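There are 2 protein chains.
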Amino acid sequence: MGCADGGTSIDLWRAVLKRLRSRCPSRPIELIYTDLPRNDFSQLFRTIHGQAGIHSYLEGIDNVFVLASANSFHRQIVPSSTLHLGFSSTASHYISAVPTQVSGHVHMVGAKGKERDAFKAQGARDWERMLLARASELRPGGRLCLFNFGIDEEGRYLGCTGGVSMFDAFRDLWSGLADARVITNEERAGAVFPQHYRTVAEFTAPFRNTASPVYAAGLRLEHVETRVVRCPYAVAFAAHGDAAKFAQGYIPTLRSWSEPVFAAALSSARTLAQRLAILDEFYGRYESLVAGSPEGHGMDYVHVYLVIRKAE
Amino acid sequence: MGCADGGTSIDLWRAVLKRLRSRCPSRPIELIYTDLPRNDFSQLFRTIHGQAGIHSYLEGIDNVFVLASANSFHRQIVPSSTLHLGFSSTASHYISAVPTQVSGHVHMVGAKGKERDAFKAQGARDWERMLLARASELRPGGRLCLFNFGIDEEGRYLGCTGGVSMFDAFRDLWSGLADARVITNEERAGAVFPQHYRTVAEFTAPFRNTASPVYAAGLRLEHVETRVVRCPYAVAFAAHGDAAKFAQGYIPTLRSWSEPVFAAALSSARTLAQRLAILDEFYGRYESLVAGSPEGHGMDYVHVYLVIRKAE
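Those sequence lines, one after another, are chains A and B.
At position 17 of the first sequence the residue is numbered 1311 (the working numbering), and the sequence of numbers has no breaks.
At position 43 of the second sequence the residue is numbered 1337 (the working numbering), and the sequence of numbers has no breaks.
What the hints contain is simulated information worked out from the structure, not anything from laboratory work.
Every value quoted in this text rests on a predicted model; they were computed, and no experiment measured them.
A hint or two may mislead.
To be verified - Cβ pair distances, simulated, as ranges:
| id | chain 1 | residue 1 | chain 2 | residue 2 | range |
| --- | --- | --- | --- | --- | --- |
| 1 | A | Gln-1542 | B | Ser-1397 | 54 to 60 Å |
| 2 | B | Thr-1498 | A | Arg-1419 | 53 to 59 Å |
| 3 | B | Gly-1449 | A | Leu-1570 | 56 to 62 Å |
Said to hold, decoys possible - Derived coverage of chain B by chain A (criterion: at least 3 residues anywhere in the stretch with Cβ under 8 Å from a Cβ of chain A; other residues may be distant):
| id | region |
| --- | --- |
| 4 | 1320 to 1327 |
| 5 | 1333 to 1341 |
| 6 | 1367 to 1374 |
Even glycine gets a Cβ: it sits at the ideal position worked out from N, Cα and C.
Pulled out of the complex, with its shape left as it was, chain A reads as follows (with noise of 0.2 Å):
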């Protein structure tokens, strides 16, 4: 779920599906990607049937069907009891609806009081929506490896963990715009990323209450932990020193994410050439930040490792 063009994810699946079939040699296998209609699925199929220029698994495992869905996974995508694995990384922190603009902020990170709430509630609905969905969809025995972005038991998460803070930086920088009258103060209070970051507890709320839903519904949950990813724009800057060739790798991987977010704050009033050219302001901005002071910046990935079983 959230496949986007089924790139990074390929090695993932051929040493999975070579597994499988060295345990279940004849045994047909459906692989059903998913992401919301938006996404580039032509691209997701060229790269599955091996003409991207990356190496498929398609070539050397038989009886393997491979098929899409742009159900989000808000919602059930497959009929009832026929999923036997459930896969998902790095995905789930996008929610449904945004409860709130937060005041000072562009993120539920920098939330506080009353605003905090909504997000954790908004959080909590959609991952009690989204377990509940993939509960009918599980055959009993079935699994679930969800692996998502979330707060550590350090209060860490994605681009702060210990270093400036990613999220802090984008704050600045798009006040700083607005500050200097680039931008309106609406459309500075217009940007907020459409994402909740769950701390363990809340992930695993559903499966202590065993009056939840989630537990009614027969969800287990076998096994959690917190993992640390770091940043390799940042661990490259510590071998080669460069903070310009940092800056200028670092920026465009942030700006392919996070740049719908601040593209939809832009009044539609201005024209798509103004809208772009702020843009650059903005993001040239938080290169020339970068660069002209490096250390500390990078985006650690921060995610909380779920595996969830169907009660038998």
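Knowing the structure of chain A, use the given hints to seat chain B on it.
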């Protein structure tokens, strides 16, 4: 199989699903759309999920799960014995390989002797392979509805039902570009549609021969008929009589499916701009031809409709 963007068939599937729902109120239904990897599957999913300005069937009918596959219909698409109904319209005339160039023509309908035999043999191989893949997929009692371009009992086929033959017009205009030194003789010879139009006898041969692999695999022909559907542009022209309007509407629809064949015949040594200019010239000449002498032009559809059952 051969779904394109799913728009053309959406009303058909709404009608089918509504009827099915009234007979089976609670049965989950998986609907799997297939086409080749280069198909625009995002547009397909936007159509089905109601994001393309077309009324989808998903809103009104519960427990329907839409999936997509990019497997060719020449290969197995779903696991064995899992398919209840296979449907394909206007797709199986595409053959998996062009067996030979066609002397003096751009389509197998103009092929004679050994060249014609080569297309017949390729068509028979692909038809058998396609049917055997479906035989594996179908559950006992399952059905295939295959509505295919073909050649009817009176020798009629797409765009050739008594008036000007569309494929002869393609041949004459393409050849005219070579005579005028706009394209080379090699480019003239290189344009061949990767299609075979089968006769009713060719479509039904595997079912009449009880020693055939298709018959042995359990497929039985329940129904066969041919039908001609009149070209809507020619029908409209008969009413409005405006030849220029007819040509302006008719040629773009021909271009939409035929252009890749002529584009592929052009030398890769030409610039993209040169190739586009040649294609514009080609279709411009076709438009002038129709605008100047509209009578008899048109792309009537000639289909062979087959209903096939998997023996129980």
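Claimed coverage, the region 1367 to 1374 of chain B by chain A - three or more beta carbons nearer than 8 Å: holds (count 5)
Examine the region 1333 to 1341 of chain B for residues whose CB is less than 8 Å from any CB of chain A, and state whether their number is three or more. holds (count 7)
Coverage assertion for the region 1320 to 1327 of chain B with respect to chain A, Cβ distance below 8 Å, three residues required: holds (count 3)
Taking the beta carbons of B/Gly-1449 and A/Leu-1570, is their distance inside 56 to 62 Å? holds (58 Å)
Taking the Cβ atom of A/Gln-1542 and the Cβ atom of B/Ser-1397, is their distance within the range 54 to 60 Å? holds (58 Å)
Range hint compliance [Cβ, B/Thr-1498 to A/Arg-1419, 53 to 59 Å]: With a Cβ separation near 58 Å, B/Thr-1498 and A/Arg-1419 satisfy 53 to 59 Å, so the hint holds.
The structure fails none of the hints (numbered hints given earlier).
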